[in-house]
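Undergrad: Order-wise, the sequence lines are chains A and B.
22 is the number of the first residue of the first sequence in our numbering; add one for each residue after it.
37 is the number of the first residue of the second sequence in our numbering; add one for each residue after it.
Warning: the hint list may mix true and false statements.
According to the in silico footprint, chain B covers these stretches of chain A (three or more CB under 8 Å from chain B) [unchecked claim]:
hint	stretch
1	69–78
2	108–118
3	133–147
Output of the computed footprint for chain B on chain A, the stretches with three or more beta carbons under 8 Å from beta carbons of chain B [to be verified]:
hint	stretch
4	29–40
5	48–57
6	81–92
A short, non-exhaustive set of chain A residues, derived as facing chain B with CB atoms under 8 Å [as the list claims (entries may be wrong)]:
hint	residue
7	M22
8	F98
9	H99
10	V100
11	A102
12	G122
13	G125
14	V151
15	T154
16	M159
Worth flagging that the hints you see were computed from the coordinates, not collected in a lab.
Quantities reported herein were computed from a predicted structural model and do not represent experimental measurements.
For each residue, glycine too, the CB sits at the ideal point set by N, CA and C.
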Amino acid sequence: MTRQLLQTVAALVSGTVFGFGLALSGMLDPTRVQGFLDIFGAWDPSLVFVLGGAVLVAFMGIQIMDRMARPTFDDTFHVPAKREIDAPLVIGSALFGLGWGIGGFCPGPAIASLSVGLGQSFLFVAAMLVGMTIHDRMWSRRGR
Amino acid sequence: MTPYLPSLLGGMLIGLSAAMLLLLNGRIAGISGIVGRLTQGANVSTNLPFVAGLALGPIVFLFAFGHWPDVQITAGWPLIVVAGLLVGFGSRMGSGCTSGHGVLGLARLSPRSAVAVATFLTTGVVSVAMMRGAGL
């Protein structure tokens, strides 16, 4: 198999494991996500276990990465090098959190939930893509 | 413990997926980044199959357990649109969401991601509290 095809297969398998993990974890359900964020109400702590389990296994992956010269199907690791904490990071994350609380969806679960077939999932994903496009095509190109 | 076991196992699978994509393809499994780049037509041969796999995951769940995973959306359509716009715009402006900053960023001990996670958890809590206050 060519390297391109191997990368495609790896991405498909990785995406499927991610989507299955989301479904198993309960993250796909906006009501549960909002219950997790509702710390002043009937708090549902279960998503602490989702994030904890995910970070733990990803951390082991990072330790392996640090011992590899390059990824299996590419020449370099494409990891963000930026270190500075700037206004777009904080403002963008704040806006994202507001939307996450209102809808109970973040990007991964919203897309994974499309296969369940609810109209509200499609509406959310459409609005999300518009929001991304407004940022990438207009906002971040101001004055360029 | 029982209700938390699927959450823990599901979370570990999310971490496994992120580790796979990183060690095999050298890429960060940040969903807002992958989807954002896909809408710009970048790296379609890997970004598209990853996104397709995301949607395939719940179908695998259906075959494994005989029912769909729970998806209950209580917000009405105007709030869904507002939420989607904020999530899309904010995650691109902040260079990541729950996966890129929350899973991989924290695993990489990135100070930027720590700030991002603290910020979106705080505003997420605030927005749910405001919605509860408004009776939504």
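Undergrad: For each hint, tell me whether it holds in the structure or not.
TA: A quick look at each hint next to the structure:
1. 69–78: Coverage by chain B holds for the stretch 69–78 of chain A (9 residues, Cβ < 8 Å).
2. 108–118: With 10 residues close enough to chain B, the hint holds.
3. 133–147: holds (count 12)
4. 29–40: Holds: 12 residues of the stretch 29–40 of chain A have a Cβ under 8 Å from chain B.
5. 48–57: With 7 residues closer than 8 Å to chain B, the stretch 48–57 of chain A meets the three-residue bar; holds.
6. 81–92: holds (count 8)
7. M22: Check failed: Cβ of M22 of chain A comes no nearer than 13 Å to chain B, outside 8 Å.
8. F98: This hint holds: F98 of chain A lies near chain B, its Cβ roughly 4 Å from the closest one there, short of 8 Å.
9. H99: 5 Å, holds
10. V100: Holds - the Cβ of V100 of chain A comes within 8 Å of chain B, reaching about 6 Å at its closest.
11. A102: For A102 of chain A, the interface hint is violated, since the closest Cβ of chain B sits about 10 Å away, which is over 8 Å.
12. G122: Holds. Min distance 3 Å.
13. G125: With a closest approach of 7 Å, the G125 of chain A hint holds.
14. V151: This hint holds: V151 of chain A lies near chain B, its Cβ roughly 6 Å from the closest one there, short of 8 Å.
15. T154: 6 Å, holds
16. M159: Because about 10 Å separates M159 of chain A from the closest Cβ in chain B, which is outside the 8 Å limit, the hint is violated.
Hint compliance for this structure: hints 7, 11, 16 are broken, all remaining hints hold.
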